[in-house]
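Turn these sequences into a full structure, and let the hints steer you where they fit.
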Amino acid sequence: GFSQDRFEEEMAENELRRRLMMDSARDLEVDLGNVGIDDQPEPADEFEEEQQEFDWSRCLHDQMFVFQEHELDRILDIIITKMTPQRSPTQKPVPANMIFLSARYAHYHASPELLEKLLVTAMDLINDV
Numbered sequence: 001g002f003s004q005d006r007f008e009e010e011m012a013e014n015e016l017r018r019r020l021m022m023d024s025a026r027d028l029e030v031d032l033g034n035v036g037i038d039d040q041p042e043p044a045d046e047f048e049e050e051q052q053e054f055d056w057s058r059c060l061h062d063q064m065f066v067f068q069e070h071e072l073d074r075i076l077d078i079i080i081t082k083m084t085p086q087r088s089p090t091q092k093p094v095p096a097n098m099i100f101l102s103a104r105y106a107h108y109h110a111s112p113e114l115l116e117k118l119l120v121t122a123m124d125l126i127n128d129v
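Going by this note's numbering, the sequence shown opens with residue 1, and the numbers climb by one from there.
Simulated from the structure, these hints should not be mistaken for lab results.
Be aware that one or more of the hints could be misleading.
[Claimed, not checked] The calculated label-pair distances, taken between Cβ atoms and stated as ranges, are:
#	residue 1	residue 2	range
1	Met123	Arg58	25 to 33 Å
2	Ala96	Gln52	14 to 22 Å
3	Leu125	Ser88	35 to 43 Å
4	Leu119	Gln4	31 to 39 Å
We treat Cβ as the ideally placed atom computed from N, Cα and C, and that holds for glycine.
Structural data, given as structure tokens:
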């Protein structure tokens, strides 16, 4: 009935939020397995050597956000309408990154129609905010 449908909808929304938070944590370069307070930061030169250069000529698996077309409205609603903007200069703009990484997926692995739907819907929501 109605309550079962609502429960399933909430479960799906919670799973999407969890996935978005995990992707955001990855995009913000947070090591979820090692968040100890007493840890010493890595020297900057070691960190820079480990970072992979962004490859603009192709779309690697960690350079896109994979989504299904039927999830698009809900994803954009969460990242554009519901996500609280971060004002810290050290934090990456997660909504912009999500749109960018989603556009890379749509362009390289889906269709021009999905890319257009993503960008037009995102712009409409941004203009409404």
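Hint-by-hint comparison with the structure:
no., hint, in the structure
1, Met123 x Arg58: 25 to 33 Å, "holds, 26 Å"
2, Ala96 x Gln52: 14 to 22 Å, "holds, 20 Å"
3, Leu125 x Ser88: 35 to 43 Å, "violated, 23 Å"
4, Leu119 x Gln4: 31 to 39 Å, "holds, 35 Å"
Of the numbered hints stated above, the single one contradicted by the structure is hint 3.
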